[in-house]
Every structure is written in C-alpha cells, then in structure tokens.
Amino acid sequence: MSEKKILLMGNPNVGKSAIFSRLTGAKIIISNYPGTTVEYTQGRIAVDGEGSIVIDVPGTYSLKPTSRAEEVAVELLKEGDVIINVVNATNLERNLFLTLQLLEWGLPMVVALNMWDETKHQGIYIDVEKLEKRLGVPVVTTCGLSGEGIKKLIERLHDAKVLQRKKLSDTEKWEMIGDIVKEAQTLKHHHHTIFQRIEEWTIRPASGLVIAGIILYSVFWLIRFVAEHLIDYVFGPMFEKLWLPILLKISALLSGTGFLHHLLIGELVDGRIDFGISFGVLSTGLYLYIVMVLPYLFSFYLALGILEDFGYLPRLAVLADNFLHHIGLHGYAIIPFMLGLGCNVPGALALRLLEGRREKFIAATLLAITVPCMAQIAMIIGLLGKRGGQYLGIVFGVLFLLFIIKGIILNKLLKGTSPEILVEIPPYRIPQLAAIFKKLGLRLYWFLKEAFPYVLLGIVLVNILYALKIIDFFSKIFMPVVTNVWGLPKEAVSALIIGFLRKDVAVGMLGPLGLTTKQLIIACTILAVYFPCVATFTVLTRELGIKDMLKATLIMLTVAFLVGAILNIIL
Amino acid sequence: MLIDITKMKEGQTGIVRDFIGGHNFLERVQNMGIRKGKTIKKISSHFWHGPQTVEVDNICIAIGYGMAKKIIVEVPDR
Chain H
1 MSEKKILLMG NPNVGKSAIF SRLTGAKIII SNYPGTTVEY TQGRIAVDGE GSIVIDVPGT
61 YSLKPTSRAE EVAVELLKEG DVIINVVNAT NLERNLFLTL QLLEWGLPMV VALNMWDETK
121 HQGIYIDVEK LEKRLGVPVV TTCGLSGEGI KKLIERLHDA KVLQRKKLSD TEKWEMIGDI
181 VKEAQTLKHH HHTIFQRIEE WTIRPASGLV IAGIILYSVF WLIRFVAEHL IDYVFGPMFE
241 KLWLPILLKI SALLSGTGFL HHLLIGELVD GRIDFGISFG VLSTGLYLYI VMVLPYLFSF
301 YLALGILEDF GYLPRLAVLA DNFLHHIGLH GYAIIPFMLG LGCNVPGALA LRLLEGRREK
361 FIAATLLAIT VPCMAQIAMI IGLLGKRGGQ YLGIVFGVLF LLFIIKGIIL NKLLKGTSPE
421 ILVEIPPYRI PQLAAIFKKL GLRLYWFLKE AFPYVLLGIV LVNILYALKI IDFFSKIFMP
481 VVTNVWGLPK EAVSALIIGF LRKDVAVGML GPLGLTTKQL IIACTILAVY FPCVATFTVL
541 TRELGIKDML KATLIMLTVA FLVGAILNII L
Chain Y
1001 MLIDITKMKE GQTGIVRDFI GGHNFLERVQ NMGIRKGKTI KKISSHFWHG PQTVEVDNIC
1061 IAIGYGMAKK IIVEVPDR
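Note that the protein sequences, when read in sequence, are chains H and Y. Heads up: the first sequence begins at 1 in this note's numbering, then just goes up one per residue. Heads up: the second sequence begins at 1001 in this note's numbering, then just goes up one per residue.
No lab work stands behind these hints: they were computed from the structure. Keep in mind that the hints are not guaranteed to be accurate.
[Claimed, not checked] Only pairs whose alpha carbons sit at most 25 Å apart, straight line, appear in this in silico DSS-like list of lysine-lysine:
#1 Lys1038/Y to Lys173/H
#2 Lys1007/Y to Lys120/H
#3 Lys1009/Y to Lys1069/Y
#4 Lys1036/Y to Lys182/H
#5 Lys1041/Y to Lys182/H
#6 Lys167/H to Lys1036/Y
#7 Lys182/H to Lys5/H
#8 Lys1038/Y to Lys182/H
#9 Lys64/H to Lys1036/Y
#10 Lys161/H to Lys130/H
#11 Lys173/H to Lys1036/Y
#12 Lys173/H to Lys1070/Y
#13 Lys130/H to Lys78/H
#14 Lys182/H to Lys166/H
#15 Lys1007/Y to Lys1069/Y
#16 Lys133/H to Lys161/H
#17 Lys1009/Y to Lys64/H
#18 Lys4/H to Lys130/H
#19 Lys449/H to Lys438/H
#20 Lys166/H to Lys130/H
#21 Lys412/H to Lys547/H
#22 Lys130/H to Lys120/H
#23 Lys64/H to Lys1069/Y
#24 Lys1036/Y to Lys188/H
#25 Lys1069/Y to Lys415/H
#26 Lys133/H to Lys120/H
#27 Lys64/H to Lys1070/Y
#28 Lys406/H to Lys551/H
#29 Lys1038/Y to Lys1007/Y
#30 Lys130/H to Lys1009/Y
#31 Lys386/H to Lys241/H
#32 Lys1070/Y to Lys415/H
#33 Lys1038/Y to Lys1070/Y
#34 Lys406/H to Lys518/H
#35 Lys1038/Y to Lys188/H
#36 Lys438/H to Lys151/H
#37 Lys120/H to Lys1038/Y
#38 Lys1007/Y to Lys188/H
#39 Lys188/H to Lys78/H
#40 Lys188/H to Lys120/H
Make a model of the complete structure from these sequences and hints.
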C-alpha cells in the first residue's frame, strides 16, 4: 500500500493507453475508437527514485457512470493518489468538464494536453500558460503516439497539487469552461482535408453501406489469402520438412507403441504420422495450433488492427445500428462481436461497453452461440473447406441465420427496450505500421500464452479419457441425442466434451472420425453453438452473474439441440 | 424556426435550443458536447429511423433516432 497510485483519467479515445504505454513501457492494446480499454491495466514507473503504480483507467465522460466501463473508472478513483488527466487538445471544451469534476475530487492532479500534434492541422491554437493559470494545476502538452512531452509530464508530477475551490454546479462548470476556452483557445479556419471528406462518405447511408461492403469483403479476402499462403508456403512445409523427421525419431525411440507414444505421437496411420489424425500432443497438437490456427489469427488480427487504428469500427457501428436494433441492441454492439471473432474472451470483456443488463444478456448469448472464434473458424475451414466451399457457406449461413432469429426472439421475449446509440466517432488516422505490428504481436503472444496450455491439455485429456474408457461412458449416456437426433457417430461425444476446453481442438477431433460431409456440417455447427469454451464461460459468468449465465446456458443447449435436429432432417 | 435534429437536412447548420427529456438523457448528451447554444451541423441520417450523425465543435457524434428527436435546434427560416 506504500506505493503511490497514479491514475490516467480522461474522456474515451483521448490517448490514455498510448500515454500509459509510453510512461511504463508496458505493452497494451491501443486503438482509435472509444472504449478500447474496458478493464484497467497497471504498470510501474519511477518518480524521483520512488516506485509508483500507474493505472490506465477506462475512459469516462463524467464521474456519473453510464456503463460498466465507466463504473470501473469511478471505482478506481477512490483508490488513487495522483491523477494525470489526459485531455484531447483538439476538443478542449468538452474534455474540460471531466477536468473540473476531477479537480473537485481533491487529489493532486496534472493535465496532459494530448494529441497536441493534431491541433496544428486543425487550426487550433491553445495558450498553455493561460490554461495552466486558469485551471490552477500543471498543464503539459503531449503526443502519446510519438512520445513527445512524456518526460516533461513525469517531471511535472512533483508540481501536482490539490486545488481548494468551492464546488460548482454543472451549469456553473460549463460557464467556467466557456470562459477558459474563450481566453486560452483561438481557432483558425482550416480547409476540409481529404480524410474529412472520406469521413462523410463512409457515414452517409448509401455510400457508407457500399464502402462497408467493399471493405468487409476485402478484409475477408485478405484474411483468407494471407492465412492460406502462410499455411501452404510457410508453416505447412516447415512442419513436414523440419518437425516430421524429429517426430519420426521420437516415434522410433518409443518403438512405435505404448501409452507414452500414444500420448506424444498418437496413432500411426499405415505406419506413418498423420498430422490430422494421429492425435498426439507433439503431432496433431502442435500442428493444429501452429499450422492450422496461428496463420488465421495472424491475418485476422492484422486486418482488425488496421481497421481499429484507422478508426473504421465506430463507423461500422453506425451503419449496423439499424439492423442491430431489430435484435434489441444498438450499433456499438458490433465491437464485442468483431473482437469476439478473434477470440471470444476479449469479445466478452467488451460487453462492458453496453449500458443495460438486457442488452448485455442478448449480446452475450449471441456472442457465445453464433460468433465462432478465429481458432475455431480456421479449423472448420481446414476440415470442411476441403470438401467444398459451399459447405462452409452452410455452416456460417446457419450461424448468421441463428444470430438474426435468436436476436429477434430474445428482443421480443425480454421485457424493456434497449438504449439507443450515442457515440463519438473519432477522426480517421493513418495507421502506423509499427503500432499495428506491435499490437498484432501482443495479441498473438497473448493467444500463444493463453491457448497453448489448453490445446495441449485438451489433447492429453482426450487420450487419457479414452484410455480410462470415460469417453465410452459419456458416449452411452448422450448417444440417444447424438446418434438419433443429430445423426452423428457416438465418438463425436468426445469432441463435445473437449469443446468445453478448446473449440479448435474439438473441431480437430472430428478429423479422424471419418464423418460424411453432412455429419461434418452438423458437428461443426453444433460445436460452434452448444457452449462457449471454459475461458469465455468464466468471463461471461463474471460479467453477467450466475443467474443470467444459467439462463444463457439453457438457451445455448436448447439451440444446439434444435439446430442439430433440424439440420439432420433437412440436409 | 425550431425543429428537431431528425428534421434537419444533410449539411444544414443550426443552434441547439432545447432538450425534451429527463435528467439522465440531458447529462449524457451534454457530456458528448451537445449543449444549449452550440452550433450543430447535420452530417447524415440513416434509413428507417436510423442513427443521425452530427458535428459539434469539430467532433462527429452518432445519435439514435429517438434521442435525436428530443434535441431541438433553431435553423434559419427559408
């Protein structure tokens, strides 16, 4: 408790995370949309030789929270010792409202006037000395992305002080802000940049939808193109040429049989190791993880990073608003869904951007049931895609249809209405290559770290469960549903069990079963909808509460049962 | 002439005069920078009572249709 806590606070999308990253060297996700940070992150710096904790607080417009992310901000404020109030210099007036609220809170404070570089392009001139005088606390100009002004910000943390001043009403605050801005800021006329013009096109309904269509199509094409090439020309050959010989040696060393061989290498197919079928930890385990899944995650996160940093996601949210209203959500719900396509865990965390319990519940169940993660998508493409692209179309088409139907039904059944969109749309910014790759690296590292143990554990577990005949036991219990209703072989039960752990491994387990195309379609769809993986389940339970999570689980199981049955009948 | 935001034409500018709504609504909208006396420019309006996008102080904001109906602006008479 002796360490000082420095809080980085400010409106959403003013660059708190960029400054945090500069201050502490900690690696965190930075994007160009309001609400990137929904949970706090902390790091350390030394001020005057003393260690301090810096906390990157989720953005908030005021100290009266309207969403979970904002609540987090206010809770953190209660534990802080010093505040760095990050202010967007291109939008002084609105940002100062929180500044005045924070001043009244009674903690020593410094103001970081961030995005200072952008003021010049926008014809905004701010007299920093005057501003400092009026606010009564140090004001430092910064540029979080380039790192300008960060050193000075740390230096001036000494001068952070508490201001004794009578509390103002909201109206009085706005009046005061009006005075300050009039005194300290001058605006010059500036011409519309080409970006601003593009901005308008992408947000008008007709041109916006066309552009969105082109962008999304290109993104999907890019993801698949990059991933397939990485698999075919880099990771695939690497495995065949470098890894296979080593595995063969290990296999020979273990004389090709026994439990350990089974666990590490798996079953030999015609005396050979088959990466898709053998199912040992070192064979299929690594292959699944590195060759089949990693390239897709790489290309997906690359594309997502570009869209995020460019600032396109909030525009997509506006365009999707209409559609999402029919399923009880507003446009900004597109953010958890987009993130969820990468991995459901960050998607589930981003549910905090939504205001009400009703909305959160709808979005959470939709996420868990109809938004498969990239690892799972990669496996489905790898397995089912070989039989023909049209079959992929069926699986993803069914998921999309479920998204709509389930959303409409929940929207009708649940009491109340969902709130409307109210969101700031940031200006477009040219993504910096270094920043994009840094973020990509961070996300892949996170995936490798979080998922790797589970993938290996999953495969070990499959082998152990088989050896102990536990899978047989479950197969018998669930056989009526699995074989009679869904038309799948009873061995598919093992995939459903492992699916709790990792969905990608579960899909991979379908490989050796020799399923017909119809069975494969049904199994892939059921694996996507029946239940989230354990990591997502944990986060969702925390975000929704146990009661709502039980309801959600019931919905998932019912949907899985029905979808499997219907597909079995109509296909 | 006083109209609500949904009635504004694309590219039209007006001055915010009034809000018809509760305390919470007022607070959220004001936090975003939409306050009485502010100049507001309509950027676009989406189909079927979709969101309205406006520009205030150089910031672009998307507002749901229902909320936009509750924000009254003064535009020059034709």
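Hint check results:
1. Under the criterion of a C-alpha separation no larger than 25 Å, the hint pairing Lys1038/Y with Lys173/H is consistent with the structure, at around 16 Å.
2. Distance restraint check for Lys1007/Y and Lys120/H: the Cα-Cα separation of roughly 35 Å exceeds the 25 Å cut-off, and the hinted pair is therefore not satisfied.
3. Of the pairs offered as hints, the one joining Lys1009/Y and Lys1069/Y holds, with about 14 Å between alpha carbons and a cut-off of 25 Å not exceeded.
4. Straight-line distance between C-alpha atoms of Lys1036/Y and Lys182/H comes to about 17 Å, which keeps the hinted pair within the 25 Å bound.
5. Note on Lys1041/Y and Lys182/H: the hinted pairing holds, with a Cα-Cα distance of about 21 Å set against a maximum of 25 Å.
6. Of the pairs offered as hints, the one joining Lys167/H and Lys1036/Y holds, with about 22 Å between alpha carbons and a cut-off of 25 Å not exceeded.
7. Using a Cα cut-off of 25 Å, the hinted pair Lys182/H and Lys5/H is violated, with the two alpha carbons roughly 34 Å apart.
8. Restraint check for Lys1038/Y and Lys182/H: the C-alpha separation of about 14 Å stays at or below 25 Å, so the hint holds.
9. Between Lys64/H and Lys1036/Y the CA atoms are separated by roughly 20 Å; this keeps the pair inside 25 Å, and the hint holds.
10. Of the pairs offered as hints, the one joining Lys161/H and Lys130/H holds, with about 17 Å between alpha carbons and a cut-off of 25 Å not exceeded.
11. As the CA atoms of Lys173/H and Lys1036/Y are separated by approximately 14 Å, the hinted pair is consistent with the 25 Å bound.
12. For the hint linking Lys173/H to Lys1070/Y, the alpha-carbon distance of about 23 Å falls within 25 Å, and the restraint holds.
13. Proposed proximity of Lys130/H and Lys78/H is contradicted: the alpha carbons are some 30 Å apart, above 25 Å.
14. Straight-line distance between C-alpha atoms of Lys182/H and Lys166/H comes to about 22 Å, which keeps the hinted pair within the 25 Å bound.
15. Distance check on the hinted pair: Lys1007/Y and Lys1069/Y sit about 8 Å apart at the alpha-carbon level, within 25 Å; holds.
16. Between the alpha carbons of Lys133/H and Lys161/H the distance comes to roughly 13 Å, so the proposed pair stays at or under 25 Å and holds.
17. At most 25 Å may separate the alpha-carbon atoms for a hinted pair to count; Lys1009/Y and Lys64/H exceed this at roughly 33 Å.
18. With a C-alpha separation of about 29 Å, the suggested pair Lys4/H and Lys130/H falls outside the 25 Å cut-off, and the hint is violated.
19. Restraint check for Lys449/H and Lys438/H: satisfied, since their Cα atoms lie roughly 16 Å apart, inside the 25 Å limit.
20. Our distance criterion of 25 Å between C-alpha atoms is met by Lys166/H and Lys130/H, whose separation comes to about 21 Å.
21. Between Lys412/H and Lys547/H, the direct Cα distance comes to roughly 20 Å. Compliance with the 25 Å bound is thereby established for this hinted pair.
22. Among the hinted pairs, Lys130/H with Lys120/H is consistent with the structure: their alpha-carbon atoms are about 18 Å apart, no more than 25 Å.
23. At most 25 Å may separate the alpha-carbon atoms for a hinted pair to count; Lys64/H and Lys1069/Y meet this at roughly 24 Å.
24. In summary, the hint linking Lys1036/Y to Lys188/H is supported, as the alpha carbons are separated by about 23 Å, within the 25 Å threshold.
25. In summary, the hint linking Lys1069/Y to Lys415/H is supported, as the alpha carbons are separated by about 24 Å, within the 25 Å threshold.
26. Simply put, Lys133/H and Lys120/H have alpha-carbon atoms about 22 Å apart, close enough for the 25 Å limit, and the pair holds.
27. Distance check on the hinted pair: Lys64/H and Lys1070/Y sit about 21 Å apart at the alpha-carbon level, within 25 Å; holds.
28. Of the pairs offered as hints, the one joining Lys406/H and Lys551/H holds, with about 14 Å between alpha carbons and a cut-off of 25 Å not exceeded.
29. The hinted pair formed by Lys1038/Y and Lys1007/Y meets the criterion: a straight-line CA distance of about 17 Å does not exceed 25 Å.
30. At most 25 Å may separate the alpha-carbon atoms for a hinted pair to count; Lys130/H and Lys1009/Y exceed this at roughly 39 Å.
31. A C-alpha spacing of about 22 Å is found between Lys386/H and Lys241/H, which places the hinted pair at or below 25 Å, so the restraint holds.
32. In summary, the hint linking Lys1070/Y to Lys415/H is supported, as the alpha carbons are separated by about 24 Å, within the 25 Å threshold.
33. With a C-alpha separation of about 15 Å, the suggested pair Lys1038/Y and Lys1070/Y falls inside the 25 Å cut-off, and the hint holds.
34. Proposed proximity of Lys406/H and Lys518/H is supported: the alpha carbons are some 24 Å apart, at most 25 Å.
35. Between Lys1038/Y and Lys188/H, the direct Cα distance comes to roughly 18 Å. Compliance with the 25 Å bound is thereby established for this hinted pair.
36. Of the pairs offered as hints, the one joining Lys438/H and Lys151/H holds, with about 22 Å between alpha carbons and a cut-off of 25 Å not exceeded.
37. A threshold of 25 Å between alpha carbons decides the hint, and for Lys120/H with Lys1038/Y the separation of about 23 Å falls inside it, so the pair holds.
38. The suggested pairing of Lys1007/Y with Lys188/H is violated, with an alpha-carbon distance near 30 Å, which exceeds 25 Å.
39. Restraint check: the Cα-Cα separation between Lys188/H and Lys78/H comes to about 40 Å, which exceeds 25 Å; the hinted pair is violated.
40. Taking the CA atoms of Lys188/H and Lys120/H, the gap is about 10 Å. The hint holds against a cut of 25 Å.
When each numbered hint is compared with the structure, violations occur for hints 2, 7, 13, 17, 18, 30, 38 and 39.
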